[in-house]
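Listed here are the chains, written in short residue letters.
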Amino acid sequence: NAGVMQNPRHLVRRRGQEARLRCSPMKGHSHVYWYRQLPEEGLKFMVYLQKENIIDESGMPKERFSAEFPKEGPSILRIQQVVRGDSAAYFCASSPSLASTDTQYFGPGTRLTVL
Amino acid sequence: QQQVKQSPQSLIVQKGGISIINCAYENTAFDYFPWYQQFPGKGPALLIAIRPDVSEKKEGRFTISFNKSAKQFSLHIMDSQPGDSATYFCAAFAGGTSYGKLTFGQGTILTVHP
Chain A
1 NAGVMQNPRH
11 LVRRRGQEAR
21 LRCSPMKGHS
31 HVYWYRQLPE
41 EGLKFMVYLQ
51 KENIIDESGM
61 PKERFSAEFP
71 KEGPSILRIQ
81 QVVRGDSAAY
91 FCASSPSLAS
101 TDTQYFGPGT
111 RLTVL
Chain B
1 QQQVKQSPQS
11 LIVQKGGISI
21 INCAYENTAF
31 DYFPWYQQFP
41 GKGPALLIAI
51 RPDVSEKKEG
61 RFTISFNKSA
71 KQFSLHIMDS
81 QPGDSATYFC
91 AAFAGGTSYG
101 KLTFGQGTIL
111 TVHP
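Order-wise, the sequence lines are chains A and B. Position one of the first sequence corresponds to residue 1 (the numbering used here), numbered consecutively onward. Position one of the second sequence corresponds to residue 1 (the numbering used here), numbered consecutively onward.
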C-alpha cells in the first residue's frame, strides 16, 4: 500500500532554469495539496487541486509558479525561471475524499536547491 | 487570523520525562487540529488529531489537550524516548472558505537525551 510518492527527491537547478516537481497521491486519493517548507520554518500552503481542477491557489506566488493535476498521471508543480529564494523543501499531501480533506498524508518531499 | 503560534522552538528532555509543546490560534473557524511528527529528510507524518468538541485525546504516550475558550492546544509526550527526537508541528484546519488548507505552526525541535 504505497504512500504519497514524490520525485525527484533532490533537484538542483541554476538560476533561470525550470523546476518540475511530481507527486503521485495515495491510491484512491483524489485531492492533492502542495506545501513549501523554508529552512527552519513550518510548512506553508501553496495550492489545493482535485483531478483537472485547481480548487485553491491562494498560497502560490502569482508569477513563475503553476500547478496541475491531470486526469491521468501525477500532479506537477512547475517553477519557471527559478531564483535562489525558491530553494526549499516542497511537500505534496493527499486525502481520499471531499469529506476528509482535513486528514492529509504527506510525501517525503522534493528538496530544491537553486545555485 | 490565519496564524498558528507554536512554542517552544526547541525542547530538550531527559529519557522518561514529559515533553510539552503548546500552540495558540486566533481563527475561530478552525475545527480540526492535527499534530505532525517530522524526522530529518522525511515528510511530516500525522501523529494525533483533535476536534474542538472534546478537551482531551490520548493515543498511547501522546495526549492532546484542547482549551477552546483560550484558543490553545498542546501536545504532551509521556515517558519521552530518544526515538521521539524529531520536529513536531501543530496545525489547524478550517472548513468553509479555507477548505483544504492546513495552517502550520513554526515547529518544535525535540531532543530526548538517553
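Honestly, the hints are just simulated from the structure, not real lab data. Watch out, some of these pointers could steer you wrong.
Stated by the list, open to error - With a straight-line cut-off of 30 Å between C-alpha atoms, the simulated DSSO-like cross-links for lysine-lysine are:
hint	chain 1	residue 1	chain 2	residue 2
1	A	27	B	42
2	B	15	B	42
3	A	44	B	68
4	B	68	A	71
5	B	58	A	62
6	A	51	B	42
To be verified - Quick partial rundown of chain A residues pointing at chain B, CB under 7 Å, derived from the structure:
hint	residue
7	39
8	42
9	43
10	45
11	48
12	56
13	60
14	61
15	91
16	106
17	107
As the list claims (entries may be wrong) - Partner residues are not named here, just some residues of chain A that face chain B (Cβ under 8 Å, in silico):
hint	residue
18	28
19	30
20	31
21	33
22	41
23	55
24	105
25	109
The C-beta atom is built at its ideal place from N, Cα and C for all residues, glycine as well.
Each hint, compared with the structure:
Our distance criterion of 30 Å between C-alpha atoms is met by residue 27 of chain A and residue 42 of chain B, whose separation comes to about 20 Å. For a cut-off of 30 Å, the pair hint linking residue 15 of chain B to residue 42 of chain B stands: about 23 Å separates their Cα positions. The hinted pair formed by residue 44 of chain A and residue 68 of chain B meets the criterion: a straight-line CA distance of about 24 Å does not exceed 30 Å. This hinted pair does not check out: residue 68 of chain B and residue 71 of chain A have alpha carbons roughly 41 Å apart, beyond 30 Å.
At most 30 Å may separate the alpha-carbon atoms for a hinted pair to count; residue 58 of chain B and residue 62 of chain A exceed this at roughly 42 Å. The suggested pairing of residue 51 of chain A with residue 42 of chain B holds, with an alpha-carbon distance near 26 Å, which does not exceed 30 Å. Interface hint at residue 39 of chain A: violated, since its Cβ lies 11 Å from the closest Cβ of chain B, which is beyond the 7 Å cut-off. Residue-level restraint check for residue 42 of chain A holds (minimum Cβ-Cβ distance to chain B is 4 Å; threshold 7 Å).
A least Cβ separation of about 5 Å between residue 43 of chain A and chain B falls short of the 7 Å threshold, and the interface hint therefore holds. Proximity of residue 45 of chain A to chain B holds as hinted, the smallest CB-CB distance being about 5 Å (cut-off 7 Å). Hint on residue 48 of chain A holds. Least Cβ distance to chain B is approximately 4 Å, under the 7 Å limit. With 7 Å as the threshold, the beta carbon of residue 56 of chain A comes within range of chain B, its nearest partner Cβ sitting at about 6 Å, so the hint holds.
Annotation: interface hint on residue 60 of chain A violated; nearest CB of chain B at approximately 12 Å, more than 7 Å. With its C-beta approaching chain B no nearer than about 16 Å, residue 61 of chain A sits outside the 7 Å limit, and its interface hint is violated. A hinted interface residue such as residue 91 of chain A counts as satisfied when its beta carbon comes closer than 7 Å to some beta carbon of chain B; here the least separation is about 5 Å, so the hint holds. A least Cβ separation of about 4 Å between residue 106 of chain A and chain B falls short of the 7 Å threshold, and the interface hint therefore holds.
Interface restraint check for residue 107 of chain A: the shortest CB-CB distance to chain B comes to about 5 Å, inside 7 Å, so the restraint holds. At a threshold of 8 Å, the smallest CB-CB gap from residue 28 of chain A to chain B is about 17 Å, leaving the interface hint violated. Look at residue 30 of chain A: its Cβ only gets to about 12 Å from chain B, farther than 8 Å, so that hint breaks. Against a cut-off of 8 Å between C-beta atoms, the interface hint on residue 31 of chain A holds, since the closest Cβ of chain B lies about 7 Å away.
The closest approach between the C-beta of residue 33 of chain A and any C-beta of chain B is roughly 6 Å, which is under the 8 Å cut-off, so the hint is satisfied. With a cut of 8 Å, the hint placing residue 41 of chain A at the interface with chain B holds, because the nearest CB-to-CB distance is about 6 Å. Restraint check, residue 55 of chain A versus chain B: the minimum CB separation of about 6 Å is within 8 Å; hint holds. Interface hint status for residue 105 of chain A: upheld, as the beta-carbon distance to the closest one in chain B is roughly 7 Å, under 8 Å.
The beta carbon of residue 109 of chain A comes within 5 Å of a beta carbon in chain B, closer than 8 Å, and the hint placing it at the interface holds.
Hint compliance for this structure: hints 4, 5, 7, 13, 14, 18, 19 are broken, all remaining hints hold.
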